[in-house]
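*Asks:* Going by the UniProt record's numbering, the final residue of the sequence shown carries number 169, and the count climbs one at a time with no gaps.
Since the hints were derived computationally from the structure, they do not count as laboratory data.
Cβ coordinates follow ideal geometry from the N, Cα and C atoms, glycine included.
Among the hints, a few may not be true.
Claimed, not checked - Once the Cα atoms are required to be at most 25 Å apart in a straight line, the calculated DMTMM-like pairs of lysine to aspartate or glutamate come out as:
(1) K168 - E157
(2) K92 - E77
(3) K92 - E63
(4) K92 - D56
(5) K168 - E141
(6) K168 - E139
Claimed, not checked - Okay, the calculated beta carbon distance ranges per label pair:
(7) A142 - G58: 17 to 23 Å
(8) E63 - L12: 55 to 61 Å
(9) G43 - A138: 34 to 40 Å
(10) P144 - G43: 31 to 37 Å
(11) R103 - T4: 28 to 34 Å
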Amino acid sequence: MPDTMPPSPARLVIQQPEEARSFWQPVPANGFVRCLLDSAGTGAETPFAFGTQTVDPGCHVREHLHDANEEIIFVIEGQGEAHIEGQVHPMKPNSCFFFPRNRAHSFHNTGTGPLTFVWCIMPGGLETFFARIGRPRAEGEAPPAPFPRPENVQQIEAETVFGTLPQKG
1 MPDTMPPSPA RLVIQQPEEA RSFWQPVPAN GFVRCLLDSA GTGAETPFAF GTQTVDPGCH
61 VREHLHDANE EIIFVIEGQG EAHIEGQVHP MKPNSCFFFP RNRAHSFHNT GTGPLTFVWC
121 IMPGGLETFF ARIGRPRAEG EAPPAPFPRP ENVQQIEAET VFGTLPQKG
């Protein structure tokens, strides 16, 4: 039986480490992100963004949620904790987390070395956030001194993939 489906508009993308868009991240995470793939760059039919984040020892990704996005986190290196709605879960190599919309979470590097995880967000937009708050990074370059988040970070969050956390009472 012949295949009657039209061909996919997506294209094959192969990317080497030095080719990825990468950004140093401000405090409190420090470290860096690598934005590897997204639907804009691949032509994928399903909107997504995919990359890695490395968080320096003693640093953290602040508590946040995504009101219109689902997120997958897969730990590849280091030790840490995921704080999810008042509970603490270990982050170690091969730990995997799926966050539905509106589930508050934060990541804390509790180890002595970098905490690195793969992230995939559907639909995309996290790559735009990282680019807007970070500074361009070249593979292998020395990290900059810690730097603050932009003054308009709340506006950037609202324009990308972040919802509003509930008030703590």
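*Asks:* Confirm or reject each hint.
*Replies:* Comparing the hints with the structure gives:
1. Among the hinted pairs, K168 with E157 is consistent with the structure: their alpha-carbon atoms are about 19 Å apart, no more than 25 Å.
2. In summary, the hint linking K92 to E77 is supported, as the alpha carbons are separated by about 7 Å, within the 25 Å threshold.
3. Taking the CA atoms of K92 and E63, the gap is near 19 Å; set against the 25 Å cutoff, the hint holds.
4. The hinted pair formed by K92 and D56 meets the criterion: a straight-line CA distance of about 15 Å does not exceed 25 Å.
5. Straight-line distance between C-alpha atoms of K168 and E141 comes to about 40 Å, which puts the hinted pair past the 25 Å bound.
6. Taking the CA atoms of K168 and E139, the gap is near 40 Å; set against the 25 Å cutoff, the hint is violated.
7. A142 and G58 have their C-beta atoms about 19 Å apart, which keeps the hinted 17 to 23 Å range intact.
8. In this structure the hint that E63 and L12 lie 55 to 61 Å apart at CB is violated, the actual value being about 38 Å.
9. As the Cβ distance of G43 to A138 is approximately 26 Å, the hint placing it in 34 to 40 Å is violated.
10. Evaluation of the 31 to 37 Å hint for P144 and G43 yields a pass: the beta carbon distance comes to about 34 Å.
11. The hint said 28 to 34 Å for the Cβ distance between R103 and T4, and at roughly 40 Å that hint is violated.
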